[in-house]
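S.K.: Each chain, letter by letter, is given below.
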Amino acid sequence: MSLASAIRDRDVAELPSKRDEDWRWTDLRGLVRVLPEPSRPANPSSAGPFDALAGDVRVSTNGGTVTPVVIAAGETAAVALRFVSRGAGAHLAAVDVTVGAGARLVLLESYESDEASVAQVSLAITLASGAIVERIVLAQDDAEAVCVSYAQVVLGPSAKFHQTIVACGARRQRLETRVLHPGGGAELRLDGVYLLANKAHSDQTTVVTHTGTDGLTVQLTKGVVRDQARGVFQGKIVVDEGADRTDARMGHHALILSDRAEVDAKPELEIYADDVACAHGNTVGALDEDALFYARQRGMSQAEARSLLTEAFIGEVVDHIGHDGAREVVCAWVAERLRG
Amino acid sequence: MLSVSNLHASVDGKAILKGLSLDVPAGEVHAIMGPNGAGKSTLSYVLTGRDGYEVTGGSASLDGEDLLALAPDQRAARGVFLSFQYPLEIPGVPALTFIRTALNAQRRARGEAEITAPEFLKLARVKSADLKIDFEMLKRALNVGFSGGEKKRMEILQMAMLSPRFLILDETDSGLDIDALRIVSDGVNALRSPERAMLVITHYQRLLDYIKPDRVHVLAGGRIVASGGPELAHELEANGYERYEQAA
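Chains A and B are the protein sequences, given in the same order. One gets this note's numbering by counting positions in the first sequence from 1 and adding 238 to each. One gets this note's numbering by counting positions in the second sequence from 1 and adding 222 to each.
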């Protein structure tokens with residue numbers, strides 16, 4: 239059951255539905271009654287959000303093929319990967335990213351759709367020993383689009399993988415990351431932001447499996463939902479038997495700014511090892527009324543005080559982005575959406 | 223300046239202020255003293271427009287303008303400043319950003335030009351030095367991890383930078399040691415001027431040794447039950463509030 243197989247086989251019966259535990263808050267079968275025609279080849283429209291930051295920009299439009307990203311051992315690179323959907327067709331895209339021993343990669347990924355397309359993008363990202371990757375994903379889908387991004391990440395020993403996903407939702411949007419974590423000094427940081435308005439839906443799902451000793455995972459996802467939007471966070475950390483001295487911390491915090499908005503969160507720890515330090519924190523609430531009054535007493539209007547406090551709330555995640563240029567792009571993107 | 227007449231206010235349907243009247247002319251500093259639960263903090267929140275503090279009767283005006291009809295930020299733009307008893311922590315917002323945003327919001331509301339970044343930083347350096355606040359501290363999130371004394375100093379810094387006309391100090395001395403009390407009081411006294419007025423709310427007389435009031439009022443049972451000169455504060459310190467609580 240996946241959107242990819244449904245698109246490939248042109249069979250809505252293969253769409254994941256709310257009966258699938260993993261998809262119960264992102265029901266595709268109930269939504270997509272008929273799959274659209276396959277997308278036609280097209281050219282990407284305007285420039286991508288990260289074009290200026292990468293010497294190497296690769297674009298897949300409507301499922302067009304992208305050359306695999308291969309970074310040789312010891313090399314350093316910044317690659318922009320754009321997944322563009324034009325029109326209202328259905329398509330699949332896939333790309334492999336391989337990062338050699340000790341190599342460094344900044345992967346600047348964007349999802350850009352302009353109509354009611356139905357698409358899945360699948361990535362396989364492999365880090366060899368000691369490789370360092372920062373993956374920044376900006377998902378700016380159309381309000382009518384259905385988009386699933388599925389990334390399977392495999393870490394080598396001592397590798398470092400730092401991911402930040404920033405999303406504004408779609409008709410249905412799911413950004414799923416699965417990481418195989420070997421321990422052995424490898425470090426994983428998975429961060430996320432969702433800013434949802436109107437009827438947007440965004441789902442950030444992560445599954446991290448620790449298979450070896452001495453692994454570190456830190457996760458922080460923050461969301462702001464208003465109007466009738468719906469945010470979904472599913473974070474699962476599995477610590478296999480024997481994966482001792484695993485240190486895993488997961489946080490998810492959301493602000494709900496209207497009565498009709500909704501946030502569904504499922505943080506899960508599945509621990510089969512004895513000697514581990516694992517924790518998760520989850521909060522869903524409104525802006526602090528006391529802090530709002532404090533800001534207004536100092537002269538800020540209700541709207542200004544709200545946007546200052548909301549930007550600060552999200553800022554904690556954005557500030558963690560290591561790549562300066564990408565952080566600036568994301569910062570501006572966040573500010574525009576929160577002030578708009 | 224401030225004129226409060228027969229003010230009634232309730233919180234969660236419970237009457238707290240029951241006919242409070244008070245006049246603070248420009249240039250004067252008035253102290254409000256009273257036992258716990260008398261309505262001292264309620265008065266400060268009613269004057270600044272906090273949600274949940276419902277005015278059920280009476281009036282409050284600043285230079286003839288009805289304060290109660292204005293939103294909290296409009297009152298701030300007209301020069302009303304409250305130094306909070308418990309200043310809020312604002313995670314993720316550097317103190318400088320917070321103060322500059324507030325200052326420019328007030329300026330815009332008054333139809334004035336926004337302050338430029340260099341002007342603002344210069345002002346912040348001068349005022350923080352006056353209050354012996356390390357300038358680096360202003361780059362940190364406002365009040366997050368600050369000690370009680372640091373938070374109070376940060377309140378006075380905001381006051382000095384926003385340059386309000388009517389200042390309300392709610393238990394500003396709580397949590398301050400003697401050195402910090404002196405620094406904070408010097409900061410407050412520096413703002414005394416013929417165009418400004420202050421309302422100093424305090425439980426103890428101690429603060430009034432540093433910020434000398436022109437008038438002292440006793441608030442008990444939601445009303446002003448006695449008023450007098452600075453000597454009244456000493457009388458209260460010696461004899462306590464019991465007499466006034468019974469009167470209320």
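Honestly, the hints are just simulated from the structure, not real lab data. Quantities reported herein were computed from a predicted structural model and do not represent experimental measurements. Wrong hints could be hidden among the right ones.
What the hints assert, rightly or not - Between beta-carbon pairs, the in silico distance windows are:
| no. | chain 1 | residue 1 | chain 2 | residue 2 | range |
| --- | --- | --- | --- | --- | --- |
| 1 | A | 523 | B | 258 | 26 to 32 Å |
| 2 | B | 362 | A | 504 | 30 to 36 Å |
| 3 | B | 283 | A | 466 | 52 to 58 Å |
Unchecked claim - Which stretches of chain B does chain A cover? Using the computed rule of at least three CB atoms under 8 Å from a CB of chain A, they are:
| no. | region |
| --- | --- |
| 4 | 234-244 |
| 5 | 281-295 |
| 6 | 300-310 |
C-beta: ideal position from N, C-alpha, C; glycine also.
S.K.: Hint by hint, where does the structure go against what was stated? Just the numbers, ascending.
M.R.: Hints 3, 4 contradicted; others consistent.
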